[in-house]
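On the provided structure of chain D, position chains X, E and F as indicated by the hints.
Protein chains in written order, with full-length UniProt numbering: chain D, 1 to 114; chain X, 1 to 114; chain E, 1 to 114; chain F, 1 to 114.
FYI, nobody ran anything at the bench for these hints, they're computed from the structure. Take these hints with a grain of salt, some might be off.
A pair holds if it fits inside one copy or across any two, identical chains being indistinguishable in the list.
Listed next, the in silico EDC-like pairs over lysine to aspartate or glutamate satisfying Cα-Cα at most 20 Å (straight line) [claimed, not checked]:
(1) 95 with 4
(2) 39 with 113
(3) 104 with 63
(4) 39 with 108
(5) 39 with 114
Now for the letters of each chain:
Protein chains: 4
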Amino acid sequence: MSSDYASILTPAACYVDFCLVPVGTGNVSVASEVAQVQKLLRASGLKHTMHSAGTTVEGSWDDVMRVVGQAHAIVHQGGVQRVQTSMRVGTRTDKTQTAEQKVKRVEEILARDE
Amino acid sequence: MSSDYASILTPAACYVDFCLVPVGTGNVSVASEVAQVQKLLRASGLKHTMHSAGTTVEGSWDDVMRVVGQAHAIVHQGGVQRVQTSMRVGTRTDKTQTAEQKVKRVEEILARDE
Amino acid sequence: MSSDYASILTPAACYVDFCLVPVGTGNVSVASEVAQVQKLLRASGLKHTMHSAGTTVEGSWDDVMRVVGQAHAIVHQGGVQRVQTSMRVGTRTDKTQTAEQKVKRVEEILARDE
Amino acid sequence: MSSDYASILTPAACYVDFCLVPVGTGNVSVASEVAQVQKLLRASGLKHTMHSAGTTVEGSWDDVMRVVGQAHAIVHQGGVQRVQTSMRVGTRTDKTQTAEQKVKRVEEILARDE
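If we strip away everything but chain D, and leave its shape as in the complex, we get (with noise of 0.2 Å):
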């Protein structure tokens, strides 16, 4: 990379949502490797909430983008040769907010106006 580049830092905080697909397995269920990775993200100790269509991750970018990396490399290790994952990835400097902020946001103003 070249010099003007190669010292720009990636976000300090991030927010990825993402979904996991493993491909070619002649298993229709996701269930087992979704749970595989759900105990990498408790062992890994950052922030994280699974829903139906997916997982959402809080921290650096680094460390989250890491530990998405090490989830396509557990599921191979399982045995799947293909893995595809869909992402959100959100980064703001005006403010923090957390993923339980975002969601309070918006049900107060549904709340306000009813």
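Coordinates of chains X, E and F only, in the frame set by chain D:
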């Protein structure tokens, strides 16, 4: 559309997890647009759950896609010129499984392993 | 759907970029399913471009979402029990801009800066 | 991270297709931010291709995720307070396949069937 394909029906059931982002508003917060969309979803009668990184909706393909399209339309009506949505969509023919059942299945595996 | 919302029309124009993944097939390659979907898209008459990480389709919201739903249906008809798609969807009201124009606009900025 | 997991390496190769959206800029066009990111990608030395709905990057997990994080950082440095990215990420252990090879494989199937 050619006759071979015109008769193909869209799936009778699906889930969609979506995250809508208004673009070019000059407002860093998206909570007001998200609240508008939540009201639409309530009015739709479709089963839905908001989480910090999106909203999951369940129903027939046509009903779910229609309501997400209406969500874009409502946000445009509020003056937002550009709307960008990221979606995960899943369909399956082997069984009917609700959002709650998916999460429960993973939690059972985790509990068993502890 | 309540009367306030039932009359809201879905957008007249959108683009969708989607990546469809067959789940539980026992086959690591997804090329055959992708090819099936490309044939469907050709038959649809909608403008579309395949790239290495998905396919971009342009048209009205209803037409585009219908063809993606048909893509799920076709892959299910081929014996795949579960299909997972990741989509990006964009709509705008300020102007009509094709996929080619979007890329060209960025290339102009890059050329100007060199 | 607990010792069992700390040693797990992220994948040596992956592709990421990402679409970055600046939020709260008051500017409907995102072309200027996309151009900034393209310059960063050129400087990174990683193989990448821009299309109308995103950019595909190939490389090791850590290199690719680092450059996407730097893309967020660069857009923030330009004064954008919130950045939202949608990503598709794929890894496989059965073979090495470039972005070009993936498209070619599908085109071969389509040509054979015509």
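Exercise for review: Tell me, in ascending order, the numbers of any earlier hints that this structure violates.
Suggested key: Hints 1 and 3 are the ones this structure does not satisfy, whereas the remaining hints hold.
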